[in-house]
Amino acid sequence: ETGVTQTPRHLVMGMTNKKSLKCEQHLGHNAMYWYKQSAKKPLELMFVYSLEERVENNSVPSRFSPECPNSSHLFLHLHTLQPEDSALYLCASSLLAGGTQETQYFGPGTRLLVL
Amino acid sequence: AQSVAQPEDQVNVAEGNPLTVKCTYSVSGNPYLFWYVQYPNRGLQFLLKYITGDNLVKGSYGFEAEFNKSQTSFHLKKPSALVSDSALYFCAVRVQGGKLIFGQGTELSVKP
Chain E
1 ETGVTQTPRH
11 LVMGMTNKKS
21 LKCEQHLGHN
31 AMYWYKQSAK
41 KPLELMFVYS
51 LEERVENNSV
61 PSRFSPECPN
71 SSHLFLHLHT
81 LQPEDSALYL
91 CASSLLAGGT
101 QETQYFGPGT
111 RLLVL
Chain Y
1001 AQSVAQPEDQ
1011 VNVAEGNPLT
1021 VKCTYSVSGN
1031 PYLFWYVQYP
1041 NRGLQFLLKY
1051 ITGDNLVKGS
1061 YGFEAEFNKS
1071 QTSFHLKKPS
1081 ALVSDSALYF
1091 CAVRVQGGKL
1101 IFGQGTELSV
1111 KP
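Chains as they are written, first to last, in this note's numbering: chain E, 1 to 115; chain Y, 1001 to 1112.
It is possible that part of the hints are untrue.
[To be verified] Mimicking SDA-like on lysine to any residue, the simulated pairs with C-alpha atoms at most 25 angstroms apart in a straight line are:
id : chain 1 : residue 1 : chain 2 : residue 2
1  : Y       : Lys1058   : E       : Glu102
2  : E       : Lys40     : Y       : Phe1046
3  : E       : Lys40     : Y       : Tyr1039
4  : E       : Lys41     : Y       : Val1027
5  : Y       : Lys1099   : E       : Asn17
6  : Y       : Lys1058   : Y       : Lys1077
7  : Y       : Lys1022   : E       : Gln101
The hints are simulated quantities; they were obtained by calculation from the structure and are not laboratory data.
The whole structure should be built from the sequences, with the hints applied where relevant.
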């Protein structure tokens, strides 16, 4: 798990707060991903970045705003969230974004609770 | 539509017994299949993948998976389960463009 790290591990925020989730990968990868994991549901891909450019945005509400300043770091900025946004947010990375044989490596996740 | 199904929400196995966690898929073209495991309060850990070649793939922690093209299945197996194998297991398929589609997960419980 040390290959992909995420901070904070747990976050409680009110609906009017602004917070950011951070992901860092130490694997020399060029692609990074944000997923949302809710109970009893498959993982939902939110965003994909390849070489710091966003290549996929899966109809995610604008209250989630990703940022990828370089290929090792990925942020998810949160503002005016709703209680249904409470979930485990997972970051992942892979060597390339488009390769079908690529393995994605995941971080430990940030457990988010929106009150 | 491209999809992955894990028909069992939960699998219960006694320690020392063989275990199977089922996965079926529906994709166009060649399937690239993955298994991940998630321990409590942890992220997903890669177990194994099938790309091409031998239908029996060996992975981490003694797990293996068998690719069956005619049945469109990729079941995860282990000959002798350990209590420490208790976790949530996800099957996934990589489709064109590199997107991973996950199944809903199967909770494996291994009792002593």
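Now for the hints, and whether the structure bears them out:
1. Lys1058(Y) to Glu102(E): 17 angstroms, holds
2. Lys40(E) to Phe1046(Y): Holds, at about 20 angstroms.
3. Lys40(E) to Tyr1039(Y): At roughly 15 angstroms apart (the allowed maximum being 25 angstroms), Tyr1039(Y) and Lys40(E) satisfy the hint.
4. Lys41(E) to Val1027(Y): 20 angstroms, holds
5. Lys1099(Y) to Asn17(E): 31 angstroms, violated
6. Lys1058(Y) to Lys1077(Y): Holds, at about 10 angstroms.
7. Lys1022(Y) to Gln101(E): 21 angstroms, holds
In this structure, only the earlier hint numbered 5 is contradicted, and the remaining ones agree with it.
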